[in-house]
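Colleague: Here the protein sequences line up with chains A and B, keeping their order. Under the working numbering, the first residue of the first sequence carries the number 1, and numbering increases by one thereafter. Under the working numbering, the first residue of the second sequence carries the number 1, and numbering increases by one thereafter.
The set of hints was computed from the structure by calculation and includes no laboratory data. Among the hints, a few may not be true.
[To be verified] Reference listing, derived: stretches of chain A covered by chain B, where coverage requires no fewer than 3 residues with Cβ under 8 Å from a Cβ of chain B:
1) 54 to 64
2) 82 to 88
3) 153 to 163
[Unchecked claim] List of simulated lysine to any residue pairs, SDA-like, C-alpha gap at most 20 Å:
4) Lys185(A) with Gly157(A)
5) Lys185(A) with Ala82(B)
6) Lys106(A) with Ala90(B)
[As the list claims (entries may be wrong)] FRET-style restraints, in silico, Cβ to Cβ:
7) Arg227(B) with Gly105(A): 52 to 62 Å
8) Lys97(B) with Gly176(A): 32 to 42 Å
9) His174(A) with Lys97(B): 25 to 35 Å
10) Arg39(B) with Ala172(A): 53 to 63 Å
We put the CB at the ideal spot given by N, CA and C, even for glycine.
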Amino acid sequence: MRKRVRLLAALSLAVTSVAAPAASPRVRYPTGHYPTLPLPGGRAREVRSVLDIDHRMKFGDYVWDERDVGPGATWVRIDLARQMLSVFRGGHEIGTAVILYGTDGKPTPTGLFPILARARSHMSSLYDAQMPYMLRLTGDGVAIHASNVRRGYATHGCIGIPPDFARRLFDAVHVGDLVAIMPPKSPKTS
Amino acid sequence: MGKGSRRGSGSGRRRRVNKGRRRDARIPLTLAKLRRSKRDIVVASLVLGGCLAVFIANRSTGGAVAAAATNVFRDPLGMLDARSPGEREAGALTQTKERKLAGLRSDGPGPHERVLSVVRDRLPAIGLPILPDGLPNPFASPLALNTPVPENLVPLSNLTPSAFSGAPNAPTAAPFNRGVLRPESTDSLLPPSDEDTSPGSIGSVPEPATWAMLIVGFLAIAFTMRRGRRAAFDMLPGADL
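Using the sequences plus the hints, can you model the full thing?
Modeller: Now the structure itself:
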């Protein structure tokens, strides 16, 4: 009898786990209890759902999932301390990637930047280098662009993202959309 | 005997007691069984009911109910931490240029070359004759050097700077030890300086005079070293012995 009950319980659990949103790639927050993500200058933005990634991402990795996400205001949050970029649309995270950022000698500026210009294929006049899917953030040439994202690499102040992710991000954002760059953690005092 | 009778009476009592216990125990055992099975049924129905409720809730709301209950406690910053490859160390050595080999490998097999993006068209070098079509190339092979040069072509050996003197605005030849061609008009403005060098003034093989200077220098060094060593030997106490 006990065995039967256990079997029944296991079977029902299996059924519910198959039907339940185990394959759901995002963590949705209940209405009215939306958490916020900090932005530069002490500001914060509400988040309705976040992509559920249960593993540590490597350099060159990205996740893009905009299923079940309707239209809305798009904004980008770049976390230099975590070396991560997240794209939100209508409060829902639709993409995330590991990034490269500026060296200590040529640091990436932090703060809130609207996208000034977009260019699918851009040639850097400063460094004589290809910068595909360029999203310019500052007047002096700092931009988000496709690059070979590998451990141990850095940029001259730009944000480097994997090329496939850069293409998707380029198509998702418009000129004027907000990009928030969070500062890296303060260097350890020894 | 007394012991035996006691034993016998004692065992009989025990049997009776045991039988009684069995009789008494039968009822609670079945009761316990019944209770346990009831409890199992209740637990099973609860589990099934719970699963069904979750299933129905998930089906009707797209999984939001079950997810929301657990997601209240999941901090988005904590989730970012979990997926992040970590912080870059302050002062970490980083590479800002792409490795050429890695770039070539990604292009696939086959020969590759990387050239400058700006291509400049350059006129052919002065003095090299442009061969008309249909003529054998005298520079193609050493054997071809024996072939007679056509009359309309000027051999390289005959090309001296004086050959250009007839042309208008042609630069005049400077003395060969300088090897610099200077325009006539600016000759006075630009006096020849010793810093002027050109590939023509430096030979790839050292001259005999250079070899001689080198050998003399080494001999001088050897002589001074030998002299110094001898002097040091003479200074040693007991060197006269």
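Colleague: Hint by hint, which ones does the structure fall short of?
Modeller: none
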